[in-house]
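*Asks:* Residue strings, one per chain:
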Amino acid sequence: MSEELISKKELLDMTGISYGQLYRWKRKDLIPEEWFIRKSTFTGQETFFPKEKILERIEKIQTMKDHLSLDELASMFSPNVSDLQITKDEIIKRNIVSESVMNLYLDVEKGGSNFNFSRLLEVYVLEKLLQSGEINLEEGKMLLQVLKEAAQQIKQKNCELIITRKLGVSSCMILVNTEAFYFDPGTKKVIQLSLMTCMEEMKSKLL
Amino acid sequence: MNIQSKGDLVINGLGSSNGGQFNLVKLNGRGTVNSHLECKKLECNGSGTMLGSVMADTVKANGNARFKENVESQNITVDGTAKFEQNLNTKHLKVSGKATVGGKVKCEEMNIHGYLTVNGDCETEIFKGGYRFTIGGLLNAEQIDMKIYGECKAKEIGGQTIIVKQHKGSFVGMLLKSFFKTQLETDIIEGDKIELENTTAKIVRGHHVKIGPNCQIDVVEYTEDFHQDRNTVVKDAKQV
Chain A
14 MSEELISKKE
24 LLDMTGISYG
34 QLYRWKRKDL
44 IPEEWFIRKS
54 TFTGQETFFP
64 KEKILERIEK
74 IQTMKDHLSL
84 DELASMFSPN
94 VSDLQITKDE
104 IIKRNIVSES
114 VMNLYLDVEK
124 GGSNFNFSRL
134 LEVYVLEKLL
144 QSGEINLEEG
154 KMLLQVLKEA
164 AQQIKQKNCE
174 LIITRKLGVS
184 SCMILVNTEA
194 FYFDPGTKKV
204 IQLSLMTCME
214 EMKSKLL
Chain B
224 MNIQSKGDLV
234 INGLGSSNGG
244 QFNLVKLNGR
254 GTVNSHLECK
264 KLECNGSGTM
274 LGSVMADTVK
284 ANGNARFKEN
294 VESQNITVDG
304 TAKFEQNLNT
314 KHLKVSGKAT
324 VGGKVKCEEM
334 NIHGYLTVNG
344 DCETEIFKGG
354 YRFTIGGLLN
364 AEQIDMKIYG
374 ECKAKEIGGQ
384 TIIVKQHKGS
394 FVGMLLKSFF
404 KTQLETDIIE
414 GDKIELENTT
424 AKIVRGHHVK
434 IGPNCQIDVV
444 EYTEDFHQDR
454 NTVVKDAKQV
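Chains as they are written, first to last, in our numbering: chain A, 14 to 220; chain B, 224 to 463.
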């Protein structure tokens, strides 16, 4: 998965932001450190960015910075929201998760009705995939198990969720900081979902 | 942090203690704190070693202080020498003596009147002073207002306003001037408004660029305006 890169100069031209803004956003952790890719060119060293990701991120910042402070934005983009607490009713009322999926989740997990961040993410991912009809109930249960096991990693790192099927048998995995992966031709990839994006979506619903 | 009711830890002479939560921690002789320390005020007057991480409202290093793990604080003042082997996270950092940081520095306001060495990146809103400093990574600040005195180095500098000036120096400094050069060495400087003196850089990119005396710049790329002093070398300047 080699991504298309964009140089810093092109980026500033395209988006119309200044060096000051770019460095400020970097300082506030709105743009992750890993996106700054240093490469040497014939004019010396230049910084490049993954094109798609950075353009999307800058657009988001630009549209939201008018009604949110930079610190609020930063907490939205950063994956570790430690002290979030929300109740089951609140989640349903805000339309983050539908009632039927919520009941299903509680049925499988047998936890309380107060949700912290990891549990909210689990139920949100379940909702997203079940509602889109991409996975079935059994796969949903398997998914929850994997999410629970990797909960610590998910909070801190860039994780991706993959569900595959081969000869009618499905399996579910979470990849941490992956660059690329390959399967044999008989395996069908059903779902590839960046948990980071999920968290952002979820947070924008919460705010 | 609710540590109002906690006791104090004072080490006079030679001694060591485990960490924990305290109101005031004072190391006057040769003190060692063996584990994580949380306190309101940490004062190190002799030679102190903190083996665990430190969370404190104020940290004052008057003698010789060593921090083996991360340090988090509101105010850090270094009047003697301080060595932070990991990352440093604070609101205000004031260095009048000598400070060395092994990892990254994250801070809001930095006042340097001594000697600062940072191995990693250095992120701050305001960077002021800076008699001598070495930064191994990127110096990223909203406002950089530095007066250099001696040899200064930073791998990259980025921010909104970047002003580099030569410090006027004292009488003694005048006498010693021929022994060391006052120069800032860096690869890249990028900012909206840039004013430089006594700087050696490969690339300078900005909107408003003003190159003062005693500079050696390979390439200047500017968008709005560019001004160059007579006693300076700019190999190539282009508007983009």
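In case anyone wonders, no lab produced these hints; they're calculated from the structure. Every residue, glycine too, gets a C-beta built ideally from N, C-alpha and C. One thing to keep in mind: the hints can contain errors.
A few chain B residues that face chain A, going by a derived Cβ cut-off under 7 angstroms, partial list only [said to hold, decoys possible]:
(1) Glu374
(2) Gly381
(3) Gly414
(4) Glu418
*Asks:* Confirm or reject each hint.
*Replies:* Hints versus structure:
1. Because the beta carbon of glutamate 374 of chain B sits about 21 angstroms from the nearest beta carbon in chain A, more than 7 angstroms, this interface hint is broken.
2. With a cut of 7 angstroms, the hint placing glycine 381 of chain B at the interface with chain A holds, because the nearest CB-to-CB distance is about 4 angstroms.
3. A cut of 7 angstroms between beta carbons decides the hint on glycine 414 of chain B: the least distance to chain A is about 5 angstroms, and the hint holds.
4. For glutamate 418 of chain B, the interface hint is violated, since its Cβ never comes within 7 angstroms of a Cβ in chain A; the closest pair sits about 14 angstroms apart.
When held up to the earlier numbered hints, the structure conflicts with 1, 4 and fits the remainder.
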